[in-house]
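**Q** Now for the letters of each chain:
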Amino acid sequence: MKISQKIITNLKSGGADFFLSVPCKLLANMITILENDKDIYYSAIPREEEGMGICAGAYLGNKLPCIMMQNTGIGNSVNSIVSLLQLYQMPVVFLISYRGTPGEPVGAQGGMASVTEDLLNTLRIPMLHCNTEEDLDKISTFTNHSKVIESPVAVLCNFNLMKDD
Amino acid sequence: MNRFELLNLLQNTIQEELVVCNIGLPSQELYKINDRPNYFYMLGSMGLASSIGLGLSLAIDKNVISIDGDGSVLMNMNTLATIGNRAPSNFTLLIVDNGSYGSTGDQKTFTNERTSLKDVAIGAGCKNVIECSGEETSENLKKALDDNNNSYVIISKIKPGNVPIKPIPLNAVTIRDRFRKEIGLVTYL
Numbered sequence: 001m002k003i004s005q006k007i008i009t010n011l012k013s014g015g016a017d018f019f020l021s022v023p024c025k026l027l028a029n030m031i032t033i034l035e036n037d038k039d040i041y042y043s044a045i046p047r048e049e050e051g052m053g054i055c056a057g058a059y060l061g062n063k064l065p066c067i068m069m070q071n072t073g074i075g076n077s078v079n080s081i082v083s084l085l086q087l088y089q090m091p092v093v094f095l096i097s098y099r100g101t102p103g104e105p106v107g108a109q110g111g112m113a114s115v116t117e118d119l120l121n122t123l124r125i126p127m128l129h130c131n132t133e134e135d136l137d138k139i140s141t142f143t144n145h146s147k148v149i150e151s152p153v154a155v156l157c158n159f160n161l162m163k164d165d
Numbered sequence: 001m002n003r004f005e006l007l008n009l010l011q012n013t014i015q016e017e018l019v020v021c022n023i024g025l026p027s028q029e030l031y032k033i034n035d036r037p038n039y040f041y042m043l044g045s046m047g048l049a050s051s052i053g054l055g056l057s058l059a060i061d062k063n064v065i066s067i068d069g070d071g072s073v074l075m076n077m078n079t080l081a082t083i084g085n086r087a088p089s090n091f092t093l094l095i096v097d098n099g100s101y102g103s104t105g106d107q108k109t110f111t112n113e114r115t116s117l118k119d120v121a122i123g124a125g126c127k128n129v130i131e132c133s134g135e136e137t138s139e140n141l142k143k144a145l146d147d148n149n150n151s152y153v154i155i156s157k158i159k160p161g162n163v164p165i166k167p168i169p170l171n172a173v174t175i176r177d178r179f180r181k182e183i184g185l186v187t188y189l
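Residue numbers (our numbering), protein chains in the order written: chain G, 1 to 165; chain B, 1 to 189.
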């Protein structure tokens with residue numbers, strides 16, 4: 001819970017005030033925290049691509065949105081990232097549980113893991129890798145950076161960082 | 001009645017509400033009929049008009065209308081479940097259901113066959129689902145906008161058909177900024 005709490009605290013101090021999630025076991029604690037947080041908007045949603053649309057609308061209404069999802073969700077959302085968020089220059093923070101990184105017990109997650117960073121590079125989305133608890137301190141500045149550059153950014157939380165939280 | 005005629009008719013009902021309009025011909029027709037800064041034209045991301053409008057309505061108190069199409073809702077059908085569970089009372093989804101993919105040459109959609117978006121919306125949890133003719137759409141939209149306690153899904157059953165039209169000359173960031181200025185968020189324009 002300590003890691004999850006630190007991530008949420010840093011996202012909020014960076015300005016994020018509108019949260020969506022498509023579930024992941026590694027995000028479960030963050031979801032519990034958000035469900036009980038009265039200062040922000042939070043909802044679960046069925047699919048990441050739809051979430052990009054909801055985030056775009058929330059940004060138009062002056063929110064700084066954050067969507068929490070597995071790295072697989074990037075694959076589900078490519079067109080909405082390019083022809084909505086980037087076309088209209090909209091900041092959104094992707095908080096990604098990076099499945100398929102070392103420690104992952106499910107072999108099938110390795111496929112999307114092996115293309116995730118290439119995909120984000122191709123999309124020219126700035127990445128923040130979080131491997132240790134100290135890395136989490138950078139999330140606040142990185143969240144604000146999304147607003148400054150009017151672009152989506154991606155925070156990648158590795159499996160081993162999250163698994164014992 | 002086709003989409004162009006319906007959008008024309010709605011101009012008497014839509015005032016200062018914020019409108020998110022579906023990609024392609026719907027936005028191009030709306031732009032040609034009556035361009036306004038409170039109209040957000042989608043230039044990409046087919047399927048997400050309802051989602052963008054929903055996100056906006058969750059962020060602000062003003063009335064928000066998403067003008068969507070049957071083909072686009074079929075592409076992002078989970079949106080109806082999210083709207084059914086989360087839409088605030090200032091949100092109205094207007095589905096212009098002409099049974100065709102108008103922007104790509106009027107190929108038929110499944111609403112021409114066995115699919116009823118009204119039944120899907122009700123099954124997905126949407127309340128106040130109204131299916132009506134094009135002629136009845138204005139009065140139903142007015143009812144939805146005047147009701148401060150409920151969100152609505154209106155399915156306007158019209159005929160396919162488009163008018164010759166050009167792409168919207170505005171770029172995306174211009175659309176974004178003048179729209180946000182209407183909400184009071186841009187002071188530099």
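Hints in this document: simulated from the structure, not taken from any laboratory. All residues carry an ideal CB built from backbone N, CA and C; glycine is no exception. Errors might be hidden in some of the hints.
[What the hints assert, rightly or not] One-sided and incomplete, this derived list gives chain B residues near chain G with beta-carbon spacing under 10 Å:
1) L54
2) L56
3) V163
4) F179
**Q** Run through the hints listed earlier and report the numbers of any the structure violates, in increasing order.
**A** 3
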